[in-house]
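Peer 1: Chain order of the listed sequences is A and B. The number in our numbering is simply the position in the first sequence, starting from 1, with 1242 added. The number in our numbering is simply the position in the second sequence, starting from 1, with 59 added.
Errors might be hidden in some of the hints.
Unchecked claim - DSS-like mimics (lysine-lysine), calculated; alpha carbons at most 25 angstroms apart, straight line:
#1 A:1300 <-> A:2064
#2 A:1872 <-> B:333
#3 A:1872 <-> B:263
Keep in mind that the hints were calculated from the coordinates and are not lab data.
The residues making up each chain are set out below.
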Amino acid sequence: MKKSITLLFFALLLPFFVFAQEKTVELKVQDESGTPVVGANVLVENTTKGGMTDFDGKLTLELNTGEVLEISSLGFETQKITVGDKNSISVTLKDDIGQLDEVVVVAYGTQKKATITSSVVEVKSEKLTDVTTPEVATMLQGKVTGVQVLPSTGSPGASPSIVIRGRSSINSTNSPLWVVDGIILGNSDPKLNPNDVESISVLKDASATALYGNRGANGVILITTKRGEVGASPTMDVSIKTAINHFNPGNFEVMNSQQLYDFHTTLDNPNAWFNEDLLNRDYDWIEGSTQAAFVQDAAVTFKSATDTHNLFLSTSYYSEEGTVIGNNLDRYNLRMNLDYKISDRLTIKPKLNFVIDRRDDVRQASLYEAYNNLPWDLPFAEDGSVVNARFSQGDDWLGRDKSNFFYDRQWNYSDSRTFDFFASFDFEYKLLPNLTYVSTNNFTQGYAESFSYIDQRSNSGLATNGAITDNTFKNIRRFTNQMLKYSNTFNEDHTVTLLAAYEYNDGSSKNISTRSENVVVNGEVQSVGLEPAVANGGANEFAQQSFLFSGDYDYKGKYFMKGSIRVDGASAFAEDYRYGEFYSIAAGWNIHKEDFFNSDNINVLKVRASHGAVGNQPGGFGFLSTYDVKFQYAGIIAAKPNRLGTENLTWEKAIESNAGLDATFFNAVNLTVDYYNKENSGLLYFRALSDQTGFSGRYENIGSITNEGVEFALDADIINTSDFGINLGVNASFNKNNIKELADGTDIIGGSTILREGEEFGTFYMRKWLGVNPGDGSPVYEVVDEDGTVSTTNDYNAATVQITGTSNPDVTGGFYTNFRYKNFTLTSNWSFSYGAELYNSSRNLFDSDGFYLQYNQMVLPDGWSRWEKPGDIVSHPKPRVGGYPGGNQTSSRYLEDGSYLRLNNVRLSYDFPQTPLNSLGVSNARIYLTGDNLVTFTRFSGVDPTIGGAGGFTSIGYPIPRRFALGLNISF
Amino acid sequence: MKKIIFTLTILVAVVFSSCELDRSPFTEISADELFEDPGAAQSATLGNYLFLKGDKGYDGWSDDLHRISEYGGDNVMISGGTTDPLFFFYNYQRNPNNSRTNRFWSNSFKAIVGTNRVIESLNEGETEEQDQVIGENYYIRALVFFQMGNVFGRPYNQGTENLSIPLKLTSDIEDLPDRNTVGEVYDQVIKDLKKAESLMTINKGPSFASKEAAQALLSRVYLYMEDNQNAIDYADDVLGSGAYSLLSSSRFSEMNTLAPSENEEAIFSITLTKGIDIPGTEDWFTIGSFYANIDGVGWGEMYASQTYLDLINDNPSDLRKSFIEPQYTEDSNGQKTPSVYWVNDQYEYQFRDVTESSGTLTIEESGNTYTIESEMINGSTQYYFNGPEGRQDVTYDYDMDKRNGYPKFFILKASQQENDLHLWSPTVSRLAEMYLNKAEAMAKEGMDQQALDNINILRERANVPPYTLSSLPAGKSVLDVVLEERRLELAFEGHRKFDIYRNGRTMDRKYPGSHLNNSNPFFEIESTDNVIIEYIPEQQILIQPSLDQND
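Next up, chain A with everything else stripped away, as it sits in the complex:
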């Protein structure tokens, strides 16, 4: 009896003995900087026991002492640790440098950053999404050295123009080529959702762009859209942003009632309408035509990636009101990227993207009128009705144009829609272990339609009793690239990558425009117009085919080189001149990998050099002499000489050499310096011929322009701990532009600019204003005789037209600051330009010394004043009725310093702590506050020194608004 009870007792206790050996152990995994490693795999050796660390890097397991744990995670060296006595184990994983070879997207593939020979700058998504914009191009402002982003207008959805390494083409485009996921889309900003962008690579030198052949001369912008993250669990990101925009007219201000009255008093305005009663009326036209505008930006993305599937789905809605009333944009985006590994060999990669733009009920106020109209003209009568300025009697309405945009706006409006559809069907097939067949096939269709309604009661509609206009535009592009890629490493030291491809690209577009007049009120279709008035239509086509070859080789990651060649044929040239070859060759040396190199402080030191030839392709049919058959005389179609053709018209060729240095110091400071020398020759130029030829000119390949410069980018992690970080970066580029050769060495004069050998492209050519004669307040110009004697004159016609400055800046660039404290981050991004001159065309109207009595005039900025009495040394002549002959015509009087420093963006963000989030099922949440375009330091008296492109001329335009945004990003 006693024995069985003891046995039973022991039997009952047995499990406890067994269990007593297994204990609860808490494992904590972190990396070298102390950050928890999420999702690290923990496996108990020789068992199937294990798990993954959570969002705090922790995992709790039942373990036995002596068991060996294997802990691994992507990017880290796998570690083994034995379970000891303690109940908590802390593991620090080391970075696995071998697996973390950063890879950069380049032409037709990727390259390891370590062995790149070309001038390529990659900007990742986090650095791009600070600004609030629906346009991808705007995100690059100030961020990449050598890349100038010039906004066109502040209208919602307007895309900026981009110039890389200076302007080099006179008549063809200076815009870079855009490539999205390997598909060449053209020279204009593709309508991409900025939230879909994973990274942008800007290819700057010939060795980077030569593979784009006859379209690469202006640089290439490669966009890669997002994919899921292999190894991570499926995530859904939601981001919501609301912003408020303010109209930002810069330094330009027009007068109010009192100021204008005082100005007219000094002018001695003799008109009967000029009397003190005017001071009782003071309408602020700018305020009446602008508003505080709202932006909504909401996006949802879904990512999921496994060994066989990689899916990225995103949808977004962007809505922006214009700061000028009456023009709002709604944009909808949908994208699906799928990488599906059907078998070991075959992966298919379909992609779909839709973008829909809507502008509804557009009744945009006229900014031109808002600036021009007088404060003494009130747009609304006392009873609130809108004044019809056109039919005002006598001096009831003083403004010269007799125009009150509020009137027609009551009824007239327009709508527009665009629908863009991108479909790619790409696939990769592994023929052999090292040989892959890559096929990229894309079909893009764009469709745009617009509608405009003019009411019979409006002034625009009076003559025709109203009108309805419908326009449609359709555009199809096809792109296909069939490529073989070979990549192999021999003897561990020699790595070779080769590619060969055939590419074909074509497109066609068609547009139709119809207009009916005499329409019923609120009509919406052509049929309600009794009189068909206009039917117009046109079409266009182009095609191109190419062969590409490229190879790169590296030895131990120490010495590397790359070469490429591409042959292009295009429809824009005559049959005999259709094909061209473009090549590049480059080499580099990673000095820090040499045995003799022994510096702890210098981690990376790389030098590289490249040389290549690329092309710039015009459009159109410049080689054909043609007759126009669009017009009639006495009702019969007439054939009118249209163009004098040039049969041997061909590409512009750009030959570029580039030398660069990349260095990293102290593991925290990155420096890149590039020197480049680019010559664009055979420039397509519309050479003016004497009118006596019967043509104003014709296209020829003449002349060459060089751009030589230095680009400099520095990025420094000044402090980088888990709690606190300071990161600063600056980039600057110095470009010197020179016209090396022109046909026959003769100057080409166009309007107010001149192209002359030895001068820059973008040189102003006009009469030189010297100031105001202190004796009598009249304008003074410079006269330069043939022998060089300089004298002065008051006569505009007698003044000598001469070179007066250039529109090219001496230096452009940007800088950013990034401060991080625990979960808060404060960043700022600036861009600047120094040394460019800018011609303020609007001053012809607004600074006319009295020529225009019935346009509003600009308020003179500080430092400028008008002549009043003999002895005054001032900037402006004595104002008088009728102004001065030529006084407000083109001269260097209106040529101003266009330098500026702009704070593009400031952003304060807070990342919510992980723990409380996780309980809600949220993995990440961030809230942020941003301000865009907060302040611009400039002496330029016009609206905005950055809008209007690189040409050097700007007028009153729709300025870029100032924005304040609040946003929230949540990941599940």
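On the provided structure of chain A, position chain B as indicated by the hints.
Peer 2: Structure of chain B alone, referenced to chain A:
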């Protein structure tokens, strides 16, 4: 698996199925293709007319010519400033970069080279139709050379050695002649017109050139040269052809509404077609739109000058007044306000409302009341009042809508063709001019009575009393009266400026208008002045430095 690869290969093949790279433009024809067609010469000739008309009826050769020739005369005034370079034709503030002058020069040579191309591609004497086409091109070329000579070269009687324009006689782009002399240009014009006269035998109506059009232009050219007998003879050729007749008085007063094909008086007009030219809202770019605002369309900034109005008001029944429409103000009941107006010493209009009580008309002036008196002079009533500075003659009419203080006397002569807003086919030659050419040539030859006979035909048509040698206005010679008649009849048709200077007269600009509002106004311009002709476009001289600039 194989199925998938197969499908993919087909897909890829389908995608790059077309690799042929030939593409063509859609809205143009290559020159080679065009001249393969037998009708090419006809189409290309129409293209030359098209340069004269302008693609859509504005901004063409005749548009800029009108601004240069009419605005420099004394029939018009502008009520304010304008950015449009036509302003400088009006106020004589010339500028070698005037974009309209540049365009006129450029359009002229485009038309000239266009005609040269057709002339070179055809042989004379093959068929009547072909000769007609060749003749039309010679006419167009001559017309363009002639008018260019008037714009850039001095009048013939100031010296045939003066510089005029380059005579471009080929379509070769390497052929770039320098400026020829005035004499050479006139010789070429006459040669071309005579050739045209001999080749053209088909009269297709006033939209196209014809033998009679060549003769009409020859009459004018000889008149400008002061070869009076030839001027008379060629005018008689046109009058005797029987192809044209003067519009009746009632049709004349609506002359601007007639399309050229409906106008029996039109010899050659650069024709705009209703429904095709000036589409949609583009009336704002026309000549007529600067003269008037009709149905809300038009700038309405340029009006009839005070001196022209004074002249035409000598005979209030003059039918030529139907081309001027004063914009009277109306109150809410549609009533006009009786007013008097005059022009003061500062060339400003002074309007005063007239109050009537028991038959007496009075006005208020600087706080005082003055009575309006009247007296008869030469059969018409002259109103006046005795003001603080003495007698002030006034016009008694109604109050008018004004712009910057200038009353709006809209000019309708360049608008309303077929009652379509500002549609208008500029007249190159019409029958009335033949009478005027004859009258002027005769007056210069001392054939006074015959001169008067010719202008009396026009006066009768215009419903004004004829002149007799004994009833000429005091101080006026027969030539004076003939030139006045020419002014009245051909006003707003682009003749006046040339007529004054070629006759050695002084342009009198002493009347209200914004031409006086600047630091260097021209109250008078002598015929010997430099400013009467335009500068050669500066850009053209920069491209071809051997072209001499005008003073």
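Peer 1: Give a verdict on every hint.
Peer 2: Cross-check of the supplied hints:
no.	hint	in the structure
1	A:1300 <-> A:2064	holds (20 angstroms)
2	A:1872 <-> B:333	holds (17 angstroms)
3	A:1872 <-> B:263	holds (23 angstroms)
In this structure, every one of the numbered hints holds.
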